[in-house]
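Enquirer: The lines below spell out each chain.
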Amino acid sequence: MSYTITLTINRVPRTLELDDPRITLLDLLRERLDLPGTKKGCDRGQCGACTILLDGRRVNACLALALSHDGAEILTIEGLAEGEALHPMQQAFIAHDAFQCGFCTPGQIMSAIGLVGEGQTGADPERVREGMSGNLCRCGAYRGITEAVVEAARAMAADGQGRAA
Amino acid sequence: MNRFEYVRPRSVAEAVAAGAVPGSAYLAAGTNLLDLMKIGVARPGRLVDLNHLPGLDGIEHQADGAVRIGAQVRNADLAHDPGFRRRFPAVAEALLSGASAQLRNAATVGGNLLQRTRCAWFQDTASACNRRDPGSGCDARGGENRLHAVLGWSEHCIATHPSDFCVPLAALDAVVEVEGPTGRREIALRDFHLLPGTTPERESVLAPGELVVALRLPAEAAGFAAHARYAKLRERTSYAFAVVSAAAALRIVDGRIVAARLALGGVAAKPWRAEEAEAALAGAAPEAAAFRRAAEAALAAARPSGDNAFKIELARRIAVRALTLAAAGTPERLPALPASPFAPLSGGRHV
Ligand SMILES: Cc1cc2nc3c(=O)[nH]c(=O)nc-3n(C[C@H](O)[C@H](O)[C@H](O)COP(=O)(O)OP(=O)(O)OC[C@H]3O[C@@H](n4cnc5c(N)ncnc54)[C@H](O)[C@@H]3O)c2cc1C
Ligand code: SF4
Ligand code: FES
Ligand code: FES
Chain A
1 MSYTITLTIN RVPRTLELDD PRITLLDLLR ERLDLPGTKK GCDRGQCGAC
51 TILLDGRRVN ACLALALSHD GAEILTIEGL AEGEALHPMQ QAFIAHDAFQ
101 CGFCTPGQIM SAIGLVGEGQ TGADPERVRE GMSGNLCRCG AYRGITEAVV
151 EAARAMAADG QGRAA
Chain B
1 MNRFEYVRPR SVAEAVAAGA VPGSAYLAAG TNLLDLMKIG VARPGRLVDL
51 NHLPGLDGIE HQADGAVRIG AQVRNADLAH DPGFRRRFPA VAEALLSGAS
101 AQLRNAATVG GNLLQRTRCA WFQDTASACN RRDPGSGCDA RGGENRLHAV
151 LGWSEHCIAT HPSDFCVPLA ALDAVVEVEG PTGRREIALR DFHLLPGTTP
201 ERESVLAPGE LVVALRLPAE AAGFAAHARY AKLRERTSYA FAVVSAAAAL
251 RIVDGRIVAA RLALGGVAAK PWRAEEAEAA LAGAAPEAAA FRRAAEAALA
301 AARPSGDNAF KIELARRIAV RALTLAAAGT PERLPALPAS PFAPLSGGRH
351 V
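Just so you know, the protein sequences line up as chains A and B, in that order. Reminder that position 103 of the first sequence reads as 103 in the UniProt record's numbering, one-by-one numbering, no gaps. Reminder that position 232 of the second sequence reads as 232 in the UniProt record's numbering, one-by-one numbering, no gaps.
No lab work stands behind these hints, which were simulated from the structure alone. Quick caveat, the model's predicted, so the values are computed rather than measured. Don't be surprised by glycine CBs; every beta carbon is placed ideally from N, CA and C. Just to be clear, a hint being listed does not mean it is correct.
Taking beta-carbon pairs under 8 Å as the criterion, some of the chain A residues facing chain B (in silico) [as the list claims (entries may be wrong)]:
1) 43
2) 45
3) 48
4) 58
5) 68
6) 115
Isolated chain B, as found in the complex:
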């Protein structure tokens, strides 16, 4: 790890001023940033510590039905907030499917949004990586790439965004509130992360120094609470990133889907909102045939970026699974193994 200057601002304004100095990085829990600093992938000259700032750690249920979540709210606290869990169950399920209890106790909302890809070549400073070192090439393209992207990738970068949390957020039209050197602005979560194109080093629309201060879920998102699930396929039972995942949310009236939301994880450099699939579901009966059609639509543009053609069919199947689970109704209590397609609802056993 490189040596750095440590700065502890006392207000958001001070933090933004400090964060705008070139070479600075914001430190939330550090579960991603410190990890990357240890292996030399991140080398900030100064750390601006967000942990002692006032006003960033509240969960406010607002009068109009929206919820506003401070950037420093810990993943576990959000997932276990009773009001939040009841109104946005798929978001809670996604949070609880991520990482481990220890990491969720520390990790923040802001840090989860801005976590970096888990591409092994990105993490190995001896490898060529356009995202880490623009113009150097992409060793993942000829290397071990079975977990890489199948949607929205470019020849410059085939990495995926690893967050579970962001997948239902994209489905439910979350809004990111940002404060920067030039003031405040709001960004739809769906527009927050960038596809690689020719500039994979640009991972989000944040300008240098911009600080995420809060995340908002609109009141409308709670309208899906009765039929909202997250499903996540992992290479081991728990404590693993998604190979593919899906957040599905339905509004069902008189046996018909009147509104549908679907987003996929593990397939692209951003959480992937599948609007074509949503359109295919509108007005349909919540049944297997409609779910399969929706999944086809969601993956219509997919193509392998390496040894990962299997992920396309896997993504279709996880979409169908999430839609099927959502149609069956949000369970009263989350399953013992959140988001796992292998989780029994109660009483069963997994290995």
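Next up, chain A with everything else stripped away, as it sits in the complex:
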């Protein structure tokens, strides 16, 4: 049996035929839609590498059944830049050297944008660290990550961009 769902992915509405009910949003993005920016670290909710924005909220794509999210809007790392202009969070990650190998980075950036939208931490590094604890970095770039998120949170607040992602 096959299933038809619609998803808006990085602002583009798409109608998708799924021949298998088991597919997660992560596998859908990576294996079928040629959007491999979202990473698969653990596939079990334990690392945050697969973080995307689902209807504006950060979630783990590895534990989201695609069929269950029929009608949703998805934003991935590929949808952040506008042409050559990087999102402020991307810029801040570069400015603060907030990565080494880069594997966790798309998940970190999507999570950080979700965090700013949630509006619970402000630019308090203590709260930012806790709010980002769902994203592991094996290279240990945490210090730069916290600095980048704090700076971008300030910039986005000043810009009124907090909720818009």
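Given the coordinates of chain A, assemble chain B with the ligands onto it according to the supplied hints.
Expert: Okay, now just chain B with the ligands, sitting in the frame of chain A:
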């Protein structure tokens, strides 16, 4: 993961009818169910998706002061609901101490209640596990079991219930509203999860097909709002399950405790309400000596189920810590690291 049939009911009645078909499982966010399906521990023949059902995602503050929370309300939305957080701060703190922000954005009230144990042997299909495969034995008993139960366990199963959320719910007399093939019923949260006894495969009192539709906290529970905390000890700073935890709630009048509530997490197959401890606190001054006596009473029946004798003293200490924090008063704003005994209230740093 096994293949399954996918069903998307349009009403609670349709969901319950679909859920009553043998082999069915309800799918909420899937953060526990899909995980267990990936490793072959859960193998439902069909998934009944609760995500498009109307009427399960509201937080209603009722006229009599109770709050009714739909089963599909997301953990983060409940924790951040201003009215809820103000009236039931220990519940919000417990929610925010669990998992990660991403998981809390997805995870539901119903799914949190019904999440399965994190026992490693339960998760390994090559191991003997009475809970997963009744009668097969329990490999945790002779294995790595330092995080297993110290209260209410049996020789058939020594697993713990992993939820943080359920701990203050047990302390505050939450009620679970259930709809099933034979109609509606209500179950006190304290009676909802089952101790293993000889049938560890029976984890809750839900009958096949029964659906949790809502959770209710009585008005009385809000009477503890000024002195209510959750404390949780983890093996790393954040994004980890509790080794032990405690929810404490006090009503203090003229320097005396007039009512006390205490429940422990990470110690048993259910959230553990400690009524003996509550009795020991009634009428006492909110001071260290009384808290220590209460903790002794709470753990009086505890015994190690393996290499975990240390958890008994740790549970006493987390109980004392939660009571001490509660007595000091609920903070205006939750600490940066909710529920952590290492969290500074403001301005400080943790590593
Ligand atoms: C890495 C990681 C870390 C975590 N850390 C913590 C932690 O520190 N503290 C903590 O408390 N939790 C933690 N969790 C667990 C998390 O809280 C649960 O996975 C989540 O609450 C389950 O909710 P869900 O909506 O995803 O449920 P699902 O996975 O969809 O369902 C779970 C179970 O409940 C059943 N179910 C769901 N809704 C209903 C209903 N309405 N009626 C009847 N049955 C229902 C399902 O059939 C299934 O058996 C962690 C999870 C992960 C993956
Ligand atoms: S402790 Fe319980 S869940 Fe763990 S292996 Fe033994 S029977 Fe299974
Ligand atoms: S890949 Fe999803 S959390 Fe690790
Ligand atoms: S930069 Fe390598 S894992 Fe984070």
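Enquirer: Under the criterion of a CB-CB separation shorter than 8 Å, is residue 58 (chain A) in contact with chain B as hinted?
Expert: holds (5 Å)
Enquirer: Mind checking the CB of residue 68 (chain A) against every CB in chain B and telling me if the closest is under 8 Å?
Expert: This hint holds: residue 68 (chain A) lies near chain B, its Cβ roughly 5 Å from the closest one there, short of 8 Å.
Enquirer: Holds or violated: is the Cβ of residue 45 (chain A) closer than 8 Å to a Cβ in chain B?
Expert: Cβ of residue 45 (chain A) sits 6 Å from chain B, so the hint holds.
Enquirer: For the restraint on residue 43 (chain A), tell me whether the closest CB of chain B is nearer than 8 Å.
Expert: Holds. Min distance 7 Å.
Enquirer: Please check whether residue 115 (chain A) passes as an interface residue: C-beta within 8 Å of a C-beta belonging to chain B.
Expert: holds (7 Å)
Enquirer: How about residue 48 (chain A): closest beta carbon in chain B under 8 Å, or not?
Expert: For residue 48 (chain A), the interface hint holds, since the closest Cβ of chain B sits about 6 Å away, which is under 8 Å.
No hint from the list above goes unmet by this structure.
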